[in-house]
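Produce the entire structure from the sequences given, and follow the hints as far as they go.
Which chain is which? The protein sequence lines are A and C, in order. Residues in the first sequence are numbered from 1 upward in steps of one, following the UniProt record's numbering. Residues in the second sequence are numbered from 1 upward in steps of one, following the UniProt record's numbering.
I should point out that these hints are in silico values taken from the structure, not numbers from a laboratory. Heads up, a few of these hints could be off.
To be verified - Below, computed lysine to any residue pairings styled on SDA-like, alpha-carbon distance capped at 20 Å:
#, chain 1, residue 1, chain 2, residue 2
1, C, 162, A, 87
2, A, 59, C, 139
3, A, 308, C, 79
4, A, 59, C, 163
5, A, 259, C, 52
6, A, 288, A, 63
7, C, 162, A, 63
8, A, 364, A, 410
9, C, 162, A, 70
10, C, 162, A, 85
11, A, 59, C, 132
12, C, 162, A, 53
13, A, 161, A, 268
Stated by the list, open to error - Beta-carbon label-pair distances, calculated as ranges:
#, chain 1, residue 1, chain 2, residue 2, range
14, A, 416, C, 120, 49 to 55 Å
15, A, 441, C, 113, 24 to 30 Å
16, C, 116, A, 70, 46 to 52 Å
17, A, 146, C, 151, 43 to 49 Å
18, C, 113, A, 405, 47 to 53 Å
19, A, 51, C, 108, 33 to 39 Å
20, A, 54, C, 135, 15 to 21 Å
21, C, 101, A, 204, 45 to 51 Å
22, A, 478, C, 113, 42 to 48 Å
23, C, 120, A, 50, 48 to 54 Å
24, C, 101, A, 448, 24 to 30 Å
25, C, 151, A, 292, 50 to 56 Å
What the hints assert, rightly or not - Residues on chain A that point at chain C, a partial pick, calculated with CB under 8 Å:
#, residue
26, 235
27, 263
28, 266
29, 267
30, 315
31, 322
No experiment lies behind these values; they were computed from the predicted model shown. C-beta: ideal position from N, C-alpha, C; glycine also.
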Amino acid sequence: MNCEEDLYEDFRSSSHRYGHPGGGGEQLAINELISDGSVVYAEALWDHVTMDDQELGFKAGDVIEVMDATNKEWWWGRILDSEGWFPASFVRLRVNQDEPMEDYPLKVEGGKEDDSSSGTRRFGMGQTTKDQMRTNVINEIISTERDYIKHLKDICEGYIKQCRKRADMFTEEQLKTIFGNIEDIYRCQKKFVKALEKKFNKDHPHLSEVGSCFLEYQTEFQIYSEYCNNHPNACMELSRLTKVNKYVYFFEACRLLQKMIDISLDGFLLTPVQKICKYPLQLAELLKYTNPQHRDFKDVEAALNAMKNVARLINERKRRLENIDKIAQWQSSIEDWEGEDVLVRSSELIYSGELAKISHPQAKSQQRMFFLFDHQLVCCKKDLLRRDILYYKSRINMDDMEILDVEDGKDKDFNISVKNAFKLHCRDTEEVHIFCAKKPEQKQRWLKAFENERRQVQLDQETGFSITEVQKKQAMLNASKQHHTGKPKAVTRPYYDFLMRQKHPTLPTTLPQQQVFMLAEPKRKPSNFWQNISRLTPFRK
Amino acid sequence: MSLDGPPRGKMGPYQFRVIMLGDSTVGKSSLLRCYTEGVFLDAVNQTVGVDFYVQFVELEPGLRVKLQFWDTAGQERFRSVTRSYYRNSAGGMLLFDLTNRASFESVRQWHREVTDTVQPFSIIFLLVGHKSDLAGQRRVGRKEAEKLAASLGVQYIETSAKDASNVVQAFQMLTLAIYQALQTGRLAPTEAWDGVKSTRGKLLPLG
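Here is the structure:
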């Protein structure tokens, strides 16, 4: 995945304290290397376009031999025949200082230099630089971990402990909302930092083998999911409380008493969210400076993957949780809903669109809107005049269905000619439905969507993803509240937007769609609702 | 702008949380770092870990504002989780790379994503065309960027972390815009009392 690499690229090139060549110890190390006579390579991160002949122009990706790095901002370097000044911030030191020969033709002409000796020297020195870099990254991992533990301790001891003493101000439930499971996180991280310290080689930090620590904790780190999911509630509760002066004073007093830096409580509460997203970045950086021969290499590589997965999983769970509100809203916008709430079994809208459906031979084909969720396909009918209003018609349980691709032409079972069709067939009851899309692409998208639906269901089973009854109830309650606050049930314009955004041309071209909804509802501010639900749909990258 | 010590003015410090937004590789961190580390060698700036940066801005004599930045670069793909950063932010730097058309086209999406998340509150944005030094590779014209800014109701500026052009100005502009929005009530602090305003345009007691 290309974009994924780019992200790391971005991070490496920019935000990393040690990755930046200007940063203290590292710069000293470079100069030492250069004055030792070794060759230091840097890789251009940005294009440096220059008209000045004192300056060295290059393109992002070019490899530059750094010859002088005494100045913090401008270094002197060489590419092939040309030498010149260039901004140090435009480059980063090459990861593999030991392998520049392959893709970088040095203009070393035979006889000028003793190739073999310079080769070994380069290798040796390159290794030193890399070790230095690895030391830096290890140091950073350790020091940010210690900082983090300090934050967690401050929150648990500086705030939570104090709050518990004030039963007149905080109920236990309120504290649970504000601080989530941060005390569990604190306990977990305390163990984790201990494990890290154990692996930390003080004398030769670059030899530390920390990869295994991350691997060991990958499952336990999933407790961050609960924290991240609760975080919005924490923010809401906090902003509700801090409307009252007494709470503002109280929190401020806690902060001062604990001698914490001048960041508000809601800032401190962000640190776990940030931390769990940071591990993959730190490990990517560590892997960069870990030789394949290093004893830690395999573990670091695995740890990077594990931490990426943890962050991805936590992100995915949060996303799904955000979705259920939108699904609840969607359901309450449907007229004549029957049966259980869609959230009872489903939590993700996989795909939606218009199809012609025939359920029995000899029956008439019906033009319907279909919404494919995990486990079920919901069928709705559009209002004849107000095409934005949907009526609930039926649903199909996808767990029992198999999907059959139907070739264009005469269908035997239904005895009709079909085009762009597929069937849903129930293995147990022999129930069969045939669906026709307007265009072959649409059919393909539906077939793909059904595959995705099964994959999603399976994945959720594997990862144990589920949404609690409380969360579902809350979502339905929120959605019904919104309706009772006087909003008309139909969502005219946004529904149209929704269809358009879906980018599958389901709108009948013969119908003057624009006119219809203009007639129905002349002035309406577009709400975000349909835009939101359209964002739920898959085929994301 | 002179910064000669921690702020002790009667008025401040206001504390604004600012978020950096935009596609990956548009240069969010480099702009931030150029601002917080590179420009003012004599500036008072604390870096608390690498997790967030703090920088003081003096809008007018005696009026110091403390900006708090959270480093979220590299975390773009964990979008649902990083939404947590949007809350309680007063300002957003909406970045795109002048040499990268796609990043410009994402601006609206970023804008909508944030406004949707923080509603019913609002955030003050500044549209920033970054990497202005790469004039030869420019793919986004100033006119169209200005047009986009106007349609979003925000100001526009072009910056470069390479030559540090307009970097300070950009942050100054955003800070001023937030401050003015607070003054005019467009951005409402959730509560105001005794000169201590909470969250949105957070004004903390002197620390």
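Verification of the supplied hints:
1. Taking the CA atoms of residue 162/C and residue 87/A, the gap is about 8 Å. The hint holds against a cut of 20 Å.
2. Of the supplied pair hints, the one linking residue 59/A and residue 139/C holds, its CA atoms being roughly 17 Å apart against a limit of 20 Å.
3. Of the pairs offered as hints, the one joining residue 308/A and residue 79/C holds, with about 14 Å between alpha carbons and a cut-off of 20 Å not exceeded.
4. Distance check on the hinted pair: residue 59/A and residue 163/C sit about 17 Å apart at the alpha-carbon level, within 20 Å; holds.
5. Between the alpha carbons of residue 259/A and residue 52/C the distance comes to roughly 18 Å, so the proposed pair stays at or under 20 Å and holds.
6. As the CA atoms of residue 288/A and residue 63/A are separated by approximately 17 Å, the hinted pair is consistent with the 20 Å bound.
7. Between residue 162/C and residue 63/A the alpha-carbon distance is near 19 Å, which keeps this suggested pair within the 20 Å criterion.
8. Simply put, residue 364/A and residue 410/A have alpha-carbon atoms about 16 Å apart, close enough for the 20 Å limit, and the pair holds.
9. Restraint check for residue 162/C and residue 70/A: the C-alpha separation of about 19 Å stays at or below 20 Å, so the hint holds.
10. Between residue 162/C and residue 85/A the alpha-carbon distance is near 14 Å, which keeps this suggested pair within the 20 Å criterion.
11. With a C-alpha separation of about 16 Å, the suggested pairing of residue 59/A with residue 132/C holds against the 20 Å cut-off.
12. With a C-alpha separation of about 18 Å, the suggested pair residue 162/C and residue 53/A falls inside the 20 Å cut-off, and the hint holds.
13. With a CA separation close to 15 Å, the supplied pair residue 161/A and residue 268/A stays within the 20 Å bound.
14. The given range of 49 to 55 Å is respected by residue 416/A and residue 120/C, whose C-beta atoms sit roughly 53 Å from each other.
15. Distance hint for residue 441/A and residue 113/C: a CB-CB separation of about 28 Å, consistent with the stated range 24 to 30 Å.
16. Judged by the Cβ atoms, the range 46 to 52 Å given for residue 116/C and residue 70/A holds: they are separated by roughly 50 Å.
17. Here the CB-CB span from residue 146/A to residue 151/C is close to 47 Å, well matched to the stated 43 to 49 Å.
18. A C-beta distance of roughly 37 Å is found between residue 113/C and residue 405/A, which places it outside the suggested range of 47 to 53 Å.
19. Remark: the range hint 33 to 39 Å for residue 51/A to residue 108/C is upheld by a beta-carbon distance near 36 Å.
20. In this structure the hint that residue 54/A and residue 135/C lie 15 to 21 Å apart at CB holds, the actual value being about 20 Å.
21. Taking 45 to 51 Å as the suggested C-beta distance range, the pair residue 101/C and residue 204/A conforms, at roughly 47 Å.
22. At roughly 20 Å, the beta-carbon separation of residue 478/A and residue 113/C lies outside the given 42 to 48 Å, and the hint is violated.
23. At about 49 Å, the beta-carbon gap between residue 120/C and residue 50/A stays in the expected band of 48 to 54 Å.
24. Separation of residue 101/C from residue 448/A is about 29 Å and conforms to the stated range, judged on CB atoms against 24 to 30 Å.
25. Taken as a hint, the range 50 to 56 Å holds for the pair residue 151/C and residue 292/A, whose Cβ atoms sit roughly 51 Å apart.
26. Interface hint status for residue 235/A: upheld, as the beta-carbon distance to the closest one in chain C is roughly 5 Å, under 8 Å.
27. Interface hint at residue 263/A: satisfied, since its Cβ lies 7 Å from the closest Cβ of chain C, which is below the 8 Å cut-off.
28. At about 5 Å, the closest approach between the beta carbon of residue 266/A and any beta carbon in chain C falls short of 8 Å, and the interface hint on this residue holds.
29. Nearest Cβ of chain C to the Cβ of residue 267/A: about 7 Å, under the 8 Å cut. The hint holds.
30. Checking residue 315/A against chain C: minimum C-beta separation of about 4 Å stays under 8 Å; hint holds.
31. A least Cβ separation of about 6 Å between residue 322/A and chain C falls short of the 8 Å threshold, and the interface hint therefore holds.
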